[in-house]
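Asks: Those protein sequences? They're chains A and V, same order as listed.
Once you know that position 196 of the first sequence is 216 in the numbering used here, the rest is easy, because the numbers rise by one and skip nothing.
Once you know that position 236 of the second sequence is 287 in the numbering used here, the rest is easy, because the numbers rise by one and skip nothing.
No lab work stands behind these hints, which were simulated from the structure alone.
The beta-carbon is built from N, C-alpha and C at its ideal position, and this holds for glycine as well.
Incorrect hints may appear among the rest.
To be clear about the criterion: a stretch of chain A counts as covered by chain V if any three or more of its residues have a C-beta under 8 Å from a C-beta of chain V, and this derived list gives those stretches [unchecked claim]:
hint	region
1	66 to 78
2	81 to 89
3	118 to 125
4	180 to 188
Below are the chains, spelled out letter by letter.
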Amino acid sequence: MWLAVLSTIADASLADADRFALQRMVRGDHAALGEVYDRHARLLYSLALRIVGRQPDAEDVLQEVFTQVWRQAARYDTARGTVAGWLVVLTRSRALDRLRRERGEATVDIDGPPVDVVDPGTSVDLQLVTAEQAARVRVALEALPDAQRVPLELGYYEGLSQSAIAARLGVPLGTIKTRMRQALLRLRDALAEPTP
Amino acid sequence: MTPPLDHDALREQVALYAIGALEAGERAVVASHVRGCAECAAELATLAPVSGAMAQIVTQHDPPAALRARVLSSIALSAPAPPRRLAGAWAPWLAAAAMLVLATGTAFYAAELRARILTLEGQLRVALDRVADGERRVAVALRNAADAEAPLAVLWAPDVRRIDLAGQPAASRASGRAFWSPTRGVVLTAANLPPLPAGRTYQLWFVTAQQTPVSIGLVKPDANGAVRRLVDTRGNFPEPAAVAVTIEPDGGVPAPTGDKYLVGLAH
Chain A
21 MWLAVLSTIA
31 DASLADADRF
41 ALQRMVRGDH
51 AALGEVYDRH
61 ARLLYSLALR
71 IVGRQPDAED
81 VLQEVFTQVW
91 RQAARYDTAR
101 GTVAGWLVVL
111 TRSRALDRLR
121 RERGEATVDI
131 DGPPVDVVDP
141 GTSVDLQLVT
151 AEQAARVRVA
161 LEALPDAQRV
171 PLELGYYEGL
181 SQSAIAARLG
191 VPLGTIKTRM
201 RQALLRLRDA
211 LAEPTP
Chain V
52 MTPPLDHDAL
62 REQVALYAIG
72 ALEAGERAVV
82 ASHVRGCAEC
92 AAELATLAPV
102 SGAMAQIVTQ
112 HDPPAALRAR
122 VLSSIALSAP
132 APPRRLAGAW
142 APWLAAAAML
152 VLATGTAFYA
162 AELRARILTL
172 EGQLRVALDR
182 VADGERRVAV
192 ALRNAADAEA
202 PLAVLWAPDV
212 RRIDLAGQPA
222 ASRASGRAFW
232 SPTRGVVLTA
242 ANLPPLPAGR
252 TYQLWFVTAQ
262 QTPVSIGLVK
272 PDANGAVRRL
282 VDTRGNFPEP
292 AAVAVTIEPD
302 GGVPAPTGDK
312 YLVGLAH
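Construct the entire structure; sequences and hints are all you get.
Replies: Rendered as structure tokens:
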């Protein structure tokens, strides 16, 4: 319990440090970007690698993300959430774009300027959790029946549309929707479980 | 065309919306619904950490060490963009146009400033001239006021003495008065003094008890033969036993030489 509280406090001060670093970036402070990189590159690189699958592609994704952060630091809205959350949204979005381009799908912003902070591809707020909560979610995900887990992973990590998932798994679209939703609600329950 | 979805059907989709798993059309419908539906917004809020957690639970790998330098060097030469960025290929042209407008505007502005400075300098000169003129007028007025005041000071002095002056045979119609204050000076008034011939002047004298005449100053009557003259006799002037006005050569003389025109005894 105390560990969770301390970890929450540490997350909060890191969030402040990130916001401050972003303000410094607006003033042209390159070292501030280095700080943010050092704090989050491992998480972002791991996510990018999970999605794109190849190391050089994951590196390209990270470079795109940090370039975008550098350019758009002034436009980041602190009210929308933590900088880390924004970085994760950007990383997932850029990585899925890359995957969709490889699949020959149109992406949201393939021929436009770099997407806005409010990324239409993942326009949903994303909220990072503590390491302890994440561990519970991982356990819960692995405990899901394949029929629920696989569609969810295809949607989240591969950016497949539900109809594409349905086609790939040979399952009716409505069933896919239901299973994905059930999987997500199960993970939410795992998050909400009291700390043992 | 699918029929409009009701709340329950939309609520079913919020979970998938939360992880960005809806297709564009569905996403827009759910997003619009969530904005106006407190219940679905609350549902979405509980799912935001699930989306975050799914990003966090992937197997962790350290990025290659060289990646940091690559990322930082890619931004090393670029300044962060300002909040409102000009997008796309037009940006350089717009920037160039903006510079041109700015340069032209600056040149016009400079010319306008120069013209305004010249105008202001002219106005400043006029104003300064007026101030200087005003100061001169004030000085003159003060002097005039002082001049007007000085005779009064003599007349109002507690120690003032009046000496009536009578016309002498050379000017039988003339008359005058001297007001003398040891502490203030002497005021001479006279009337009906004859016009002065060329090269001559009237001169005012104090005659002491020892019969010694002391020159007090030259006197110029106006066209009517009237005189109003203040002389500051404070200092080394003796007390007069008599006051006289004589006619003398221009510039005056140390001791009277000409006819007496006005004479009065101090009592």
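Asks: With reference to the structure, classify each hint as holding or not holding.
Replies: Hints, one by one, checked against the model:
| no. | hint | verdict |
| --- | --- | --- |
| 1 | 66 to 78 | holds (count 6) |
| 2 | 81 to 89 | holds (count 4) |
| 3 | 118 to 125 | violated (count 0) |
| 4 | 180 to 188 | holds (count 3) |
Violated hint: 3 only; the structure is consistent with all others.
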